Each structure stands twice: as structure tokens, then as C-alpha cells.
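Please build the complex by placing chains B and C on the supplied structure of chain A, with the hints as guidance.
Chain order of the listed sequences is A, B and C. Position 61 of the first sequence, counting from 1, maps to 61 under our numbering, and the rest follow consecutively. Position 251 of the second sequence, counting from 1, maps to 251 under our numbering, and the rest follow consecutively. Position 11 of the third sequence, counting from 1, maps to 11 under our numbering, and the rest follow consecutively.
These are computed hints drawn from the structure, not numbers from a lab. Certain hints may be false.
As the list claims (entries may be wrong) - Pair ranges (Cβ atoms, derived):
| id | chain 1 | residue 1 | chain 2 | residue 2 | range |
| --- | --- | --- | --- | --- | --- |
| 1 | C | 207 | A | 194 | 31 to 39 Å |
| 2 | B | 191 | A | 196 | 37 to 45 Å |
| 3 | B | 136 | C | 59 | 47 to 55 Å |
| 4 | C | 207 | B | 124 | 29 to 37 Å |
To be verified - With a cut-off of at most 20 Å between alpha-carbon atoms, the simulated EDC-like pairs for lysine to aspartate or glutamate come out as follows:
| id | chain 1 | residue 1 | chain 2 | residue 2 |
| --- | --- | --- | --- | --- |
| 5 | B | 19 | B | 182 |
| 6 | A | 19 | B | 68 |
| 7 | A | 19 | B | 82 |
| 8 | A | 134 | C | 55 |
| 9 | A | 9 | C | 5 |
| 10 | B | 146 | B | 199 |
| 11 | A | 19 | B | 65 |
| 12 | B | 106 | B | 141 |
| 13 | A | 19 | B | 141 |
| 14 | B | 124 | B | 110 |
Please read all numbers here as calculations on a predicted model, not as lab measurements. We treat Cβ as the ideally placed atom computed from N, Cα and C, and that holds for glycine.
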Amino acid sequence: MSDKRTSVKDALFEPPGPKTRRVIRIATVVSLAAIAALLWVVLRRFYETGQLDARYWSVFTRWTTWRFLGKGLLGTLEAAAVAGVVAFTAGFLLMVMRISGNRILGYISTALIEFTRGVPTLLFIYFFFLVVPKFGIKLPAFWKVCLPVSISACGVVAEVLRSGVNAVPKGQKEAAQSLGMLPHSVFLKVVFPQAFRFVIPALISELVIVVKDTTFAYVVNFPDLMQNAKVLISNYDALLSVYLVVALIYIAINWLINRASVAAAGRTNRYAVPAGKKQ
Amino acid sequence: MSDTMHETMNDRTPVIELKHVDKHFGSLHVLKDINLSVQKGEVVVIIGPSGSGKSTLCRTINRLETIDSGEILIEGTKMPQEGKELARLRAQIGMVFQSFNLFAHKTIIDNVILGPMDVLKKSKKEAKEEAMQLLSRVGVDSQANKVPAQLSGGQQQRVAIARALAMHPKAILFDEPTSALDPEMIGEVLDVMTKLAREGMTMLVVTHEMNFARRVASRVIFMDGGSIVEENTPEEFFNHPKSQRAQDFLNSIQAH
Amino acid sequence: MGIKELLSQYGDQYIQALFTTWKLTAFSFAIAFVIGVAVTVMRISPVQPLRVFAEIYIQIFRNIPGASLLMLLVYALPYLDVLLSYFVCVLIAASLIPSAFCSEYLMAGINTIGTGQIEAARSLGLSFMQIIRRVVIPQALRSSVLPLTNLLVSTMLTTALASQVPMNPRDLTGLVAHINTHAVGGVTAFLISALLYCATAVVIGQVGNMIDRKVRILR
Numbered sequence: 001m002s003d004k005r006t007s008v009k010d011a012l013f014e015p016p017g018p019k020t021r022r023v024i025r026i027a028t029v030v031s032l033a034a035i036a037a038l039l040w041v042v043l044r045r046f047y048e049t050g051q052l053d054a055r056y057w058s059v060f061t062r063w064t065t066w067r068f069l070g071k072g073l074l075g076t077l078e079a080a081a082v083a084g085v086v087a088f089t090a091g092f093l094l095m096v097m098r099i100s101g102n103r104i105l106g107y108i109s110t111a112l113i114e115f116t117r118g119v120p121t122l123l124f125i126y127f128f129f130l131v132v133p134k135f136g137i138k139l140p141a142f143w144k145v146c147l148p149v150s151i152s153a154c155g156v157v158a159e160v161l162r163s164g165v166n167a168v169p170k171g172q173k174e175a176a177q178s179l180g181m182l183p184h185s186v187f188l189k190v191v192f193p194q195a196f197r198f199v200i201p202a203l204i205s206e207l208v209i210v211v212k213d214t215t216f217a218y219v220v221n222f223p224d225l226m227q228n229a230k231v232l233i234s235n236y237d238a239l240l241s242v243y244l245v246v247a248l249i250y251i252a253i254n255w256l257i258n259r260a261s262v263a264a265a266g267r268t269n270r271y272a273v274p275a276g277k278k279q
Numbered sequence: 001m002s003d004t005m006h007e008t009m010n011d012r013t014p015v016i017e018l019k020h021v022d023k024h025f026g027s028l029h030v031l032k033d034i035n036l037s038v039q040k041g042e043v044v045v046i047i048g049p050s051g052s053g054k055s056t057l058c059r060t061i062n063r064l065e066t067i068d069s070g071e072i073l074i075e076g077t078k079m080p081q082e083g084k085e086l087a088r089l090r091a092q093i094g095m096v097f098q099s100f101n102l103f104a105h106k107t108i109i110d111n112v113i114l115g116p117m118d119v120l121k122k123s124k125k126e127a128k129e130e131a132m133q134l135l136s137r138v139g140v141d142s143q144a145n146k147v148p149a150q151l152s153g154g155q156q157q158r159v160a161i162a163r164a165l166a167m168h169p170k171a172i173l174f175d176e177p178t179s180a181l182d183p184e185m186i187g188e189v190l191d192v193m194t195k196l197a198r199e200g201m202t203m204l205v206v207t208h209e210m211n212f213a214r215r216v217a218s219r220v221i222f223m224d225g226g227s228i229v230e231e232n233t234p235e236e237f238f239n240h241p242k243s244q245r246a247q248d249f250l251n252s253i254q255a256h
Numbered sequence: 001m002g003i004k005e006l007l008s009q010y011g012d013q014y015i016q017a018l019f020t021t022w023k024l025t026a027f028s029f030a031i032a033f034v035i036g037v038a039v040t041v042m043r044i045s046p047v048q049p050l051r052v053f054a055e056i057y058i059q060i061f062r063n064i065p066g067a068s069l070l071m072l073l074v075y076a077l078p079y080l081d082v083l084l085s086y087f088v089c090v091l092i093a094a095s096l097i098p099s100a101f102c103s104e105y106l107m108a109g110i111n112t113i114g115t116g117q118i119e120a121a122r123s124l125g126l127s128f129m130q131i132i133r134r135v136v137i138p139q140a141l142r143s144s145v146l147p148l149t150n151l152l153v154s155t156m157l158t159t160a161l162a163s164q165v166p167m168n169p170r171d172l173t174g175l176v177a178h179i180n181t182h183a184v185g186g187v188t189a190f191l192i193s194a195l196l197y198c199a200t201a202v203v204i205g206q207v208g209n210m211i212d213r214k215v216r217i218l219r
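Same shape as in the complex, but just chain A (with noise of 0.2 Å):
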């Protein structure tokens, strides 16, 4: 019946005949195969470089190394944390000052989300690492990553907003309306709730963004989990194992992170999500 309906990824191939069966076995093999050559090139070659060697990774047997790259990834977290507070309240200010109706406003809201869109993380990290200091402003290591990352960030949950606002059907402010509530207590009792709930997965995406930006913060020697693998590395004589698994940590997170999103984007389809409100 037409209530089984299998995604189109599964639907490009039809069930296989015996012929077709046979040559996806081969073919399953052969990548096998192909797989496992690679793993072992890959492999074969740490080894005979020499970096399958006790000495390399015994870092990671020693519990201060494990604290002290904990301790980096809560500098990790904690900048991300804020910064994503950041990012998200600019983000309502410019989405409300593009949504406001007030032309000069909406304006200023539009050039400032492109300008923060289209510029590089780093960039905002220069900026606030040498341009900054320059007029006398001294900034703590942590602002240095927080405020730049999370400019660059803003722009972005700006427009992830307005299009959680416009998918609010139009129903819904006009029956507040109709209660008599005033302008801004509709906005903020009865479509941005809705909104917000639209683009939660969306947001949680960019919270990735967030947490990947922030591995800049070596640039202005902030302790984070990038920072600390380097302090590691100077002190041991072990860069490819500790870079290798701090990346690992890093994909980690972002890959628990995202999880996240496509849950929450489970939740918010119990709403009824009206059409046409994904990007």
C-alpha cells in the first residue's frame, strides 16, 4: 500500500534480481577490500615512521594529560556557551530591527547581518587581537574569542530567526490581535515562542559553527582545548597523537551536538511546521 513508503535514497535501487544480487556481493567485497587496503597503507605507514611507537602515545596513559585537556575543553565549552548567548541575543536585536517595519532600521539590521555573514571567523579575531588594543582597550583572552566569534555568528541566527517568524502562520497574530493584545506583547507571548520552536534544530546546528570557531582561540593564547594540545605538545614529544585526538574529541562533540539538533527536530514536528519554512 502506499502508506510504505521508503526514502528515495532506498527507492534509486530496486529490489535486486539474482543477476544484480551478484554483482552487489562483488561489488561489497571489492570495497571491502578497497577499505581495508587503505586502513592498512594508512596504518603501514604510522608504522613505519614510527608513530605507533609507546612513546608517542603513552600522553594519553598519564591522568594529568587527560585533566589538562579537560580542562582546555571546558574552556572549549565555556566559550562556546557564551558565545552562542552572544550571538543569539545580537541575533534577536537584528532580527527585530529588520522585522520592525522601520525603514532606516531594517537597513542598518540588513547590512550588518551580511557584513557579519560574509566575513571570516578570523578575521573578527584579528580585529580584536591586534586592532582593538591599539585604541587602549584591554580585553581579556576569553572576550578576544567570545565577541568575535560570536559577531560572526549573529548574523546567521538573525536570518535562522525571521525565518522561524515568517513560518508562524499569520492566523495566529491576528487571533492575538483580535484579543486586543498590544503589538509587542503579541510578538513576544504568541509568535516568537512559535517561532523559536521552528528553528531550534537550526540553531543547535549553528552552536557546531560556534564550537568550531572557537579552536581559533590559540590565536589570542586562550586556554582551550586547541590551546592546551599545543602546551601538551611543546612539553611532550608527541604532536600527530595529541593532534589526532583532540581532533577526534572535536568531532566528537560536534557530532553529539548535531544528534542533538535532529532529536529536537523530531520534538518540533509534532507541531504542525507549515509549509515552506526550510531554507
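Same frame as chain A, now just chains B and C:
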């Protein structure tokens, strides 16, 4: 088992024949020992409650659904399981879907000529001329250069019929062709189907439109719970249903 | 330093830097697209190991920070006796990360087609390759114009990684860092680069919108 069946083919060889077809979806037995044949020029209408397996049956005929056991024969040739042979036989059996399934990125005319050009290797000119004739036959020739989303559901479904006809099929399968349509558009699609039937097209139609079955069908097949429960002429079936299940079904739809 | 002085002293370098950023962006995006297509083919193939491999690839390069990947390429690979030029390292980092997103967007494009059209094509007797060529690719490409436009912009932003390694000529970000550590570039030096990035992003966005309006599929 062999392809030499061609030579033994005669007028009595059914266009479509199912022998002892069984199919499961997991633990669900959706088709139970189905035996069915459709002769040339016949209009066979399958009715039954939803979940009875009628759509699945229809989709097995051109192998959009696989079967677990049994045989499906097209003019005496066993339906191949894959490859060019399967594609060749599919090209000879048209299909019209519940949700139209027009190609969203192509204009109406391009929807109709895709098969003739890519499968039958006709020239664009020839394919276009014929496509225009078919479109005017189903009454949507004025929409030829629009894209599907610009057409009403009824118009889209008529285009889908034209697309199937452009392949000069030996038979056309209709899988609930009016179920996704607004009530006022059902008539225009049924009219086209009635006209086709009168012109002698071999058709297998899964539908809930009892009036269509009554007026147009050469034979009505009633399915329930994955099996064919009753098979008869429309007059006999609607006036004197033999099985209790068919009686219940007919009562339940008359109640509405 | 005033803008006149800045431009007379560094004008040429800004132009060079702009071209370096453009070049890195164009090359990276082209490589990312090719890899993205290849990975997508693996993901939709009926061969299970390829699917798993592609899925792992996507998860790695979606989630690894650019800095982390660049460090591995620049500083860790030499320990495996793999020596790449700085330019190539940046190019690889700026290609692999967008390639994962490219595949995600293509998959999304493929998923909007719906199984119905594929079944319709199949029932017309089209072969697998014909369905891919005539139905799947045209629709997937046309509905990924906007995501791919955004990807091109984010690829450009990723190429700022070039500022983290010594390169000659420098990219737009590297040049600002250079000017500000060697002279008093101030806000102006930063703004020139920022505006060049922005202008490029806006132009890409406009062109993308134009193409999208032309090829968008009504649904």
C-alpha cells in the same frame, strides 16, 4: 519458464496473468495465492477495503513491488527480475499513479515525450507531434508548455494518462487514479478512462469509484485481506454479491 | 595610517590577496563539489561498506574544526613523511570540509524528488542510468542551487585558514594580520579586507539567487 512461449501465443493468451502470487511485508501476508488474468480489451476493476492488498497487487505487475513466489506473465512472457528485459516489458505496460508523479522539472509536453524518445528512440519531432495529439485527446493540449505544479490535479492526472499512452502500451495499470483528487475533478479523469475503455484499451483499475466499476468494468474483482474473494461481472457482483465480506463491503460504502 | 597611505603602500598586496582568496575559493569549491558528488554516489549505492564509509567521511569532515584539520595537515603529516606545501594544505582543508556539506545538500536535493517520480520513470521503462540522468540529477542540482551558493560563500570563509600558515602571496585575512603586526594599519586595514570579502559574498549571493529564480522547480 521459457521465452519460447511467444510462439505458442494465440488470441486466448492473456495480456496479464498472475499465477499463485504470494507476497509478505515482514510478517504481514499481503498477497495470498493470487490468480488473475486480464484478456486483451478487458477492463478489470479491483475493489476492496483499504489494506486489502489491491494496490500492492497492481504494483507487482510491473515489479514496482517484488513477489515472494508465483509467476507474473505479460502476453505469456514471464516478467524478468532485472535489467534491460525488465525495462522492455515495463515499457509495454503503462501505469497511472494515485499521486500523478509527473516529472516536476519538465514541462507537460516534455513529460509525455521522455519515454518515447529515451526508451522507444523516436525522434523529437515525431514524439512531439504524437504527444500533442494525445494531450488534445485528454483535453490538456493548451497546457503543453506549463510545468506540472501549474496544473490542477485533474489536469495532471490526464497528462499522466497521456504519458502512459505515448508508449503504446499493451495494457495500462491504474493505481487508485482518482483518490488524490478533489471531488469536482474526479469526473474529468473518469471520463478519459471511460473513453479509453470504449476504444478497447486493456485496463486493470484499482479504484473506490463504484459507479465507474458498474458502468465500465468487464469484470469486477473483490479483494479482502490479501486474497481475491470474489470475481464476477459488475451486474452480478453489485446486485448479487455471493460472499458475506463483499456484502458487508458494499453495505458499508452505501451507508455513506 | 590613513586610507591613502595604506593603499599606496599595500594596494598591490590587497589586490594580490583578493586574487589569492578567490583562487583558493574557486579551487576548493571545485574539488569539494567533485568529492561531494562521489561521496553522494557512495551513499545512495546499494553497497553497504561504501555507504558506511561515506557516512563516516561525512561525519568526520562535517564536525572537524578547520584549525584542527589544518594543524594535522601542516604539522602532523610530515611525521608520516608526507610533506605538502602550505598552499596545498590550505587547499585540502578548505576542500574536505565543504565536500561533506556539499554531499549533505545534494542528498537533501535528491530527497525532495520523491519516490513517486522514480517509480513513474521506472514504469516507462527507463533504465537506472536514464533515471539518474534524466530525472534525479537535473532535479537534485536545480534544487541545490541556493545551498550550494551558501556553500561557496562558506568555502571562501574557510580559506581564511590560509592566514594560519606562512604563504606568499597572503590571503585577505593573512594580509590584515601582517599589516597590523608590522605597521599601524588600524581599523582601515581590517575594513578593506572585510569589505572585499563581503562584496564577494554579496555578488555570489546575487548570482545564486538569479540562477535559482531561473531554474527553481515549482512544487
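Evaluated hints:
no., hint, verdict
1, 207(C) - 194(A): 31 to 39 Å, "34 Å, holds"
2, 191(B) - 196(A): 37 to 45 Å, "50 Å, violated"
3, 136(B) - 59(C): 47 to 55 Å, "54 Å, holds"
4, 207(C) - 124(B): 29 to 37 Å, "32 Å, holds"
5, 19(B) - 182(B), "36 Å, violated"
6, 19(A) - 68(B), "17 Å, holds"
7, 19(A) - 82(B), "8 Å, holds"
8, 134(A) - 55(C), "47 Å, violated"
9, 9(A) - 5(C), "58 Å, violated"
10, 146(B) - 199(B), "28 Å, violated"
11, 19(A) - 65(B), "18 Å, holds"
12, 106(B) - 141(B), "15 Å, holds"
13, 19(A) - 141(B), "43 Å, violated"
14, 124(B) - 110(B), "10 Å, holds"
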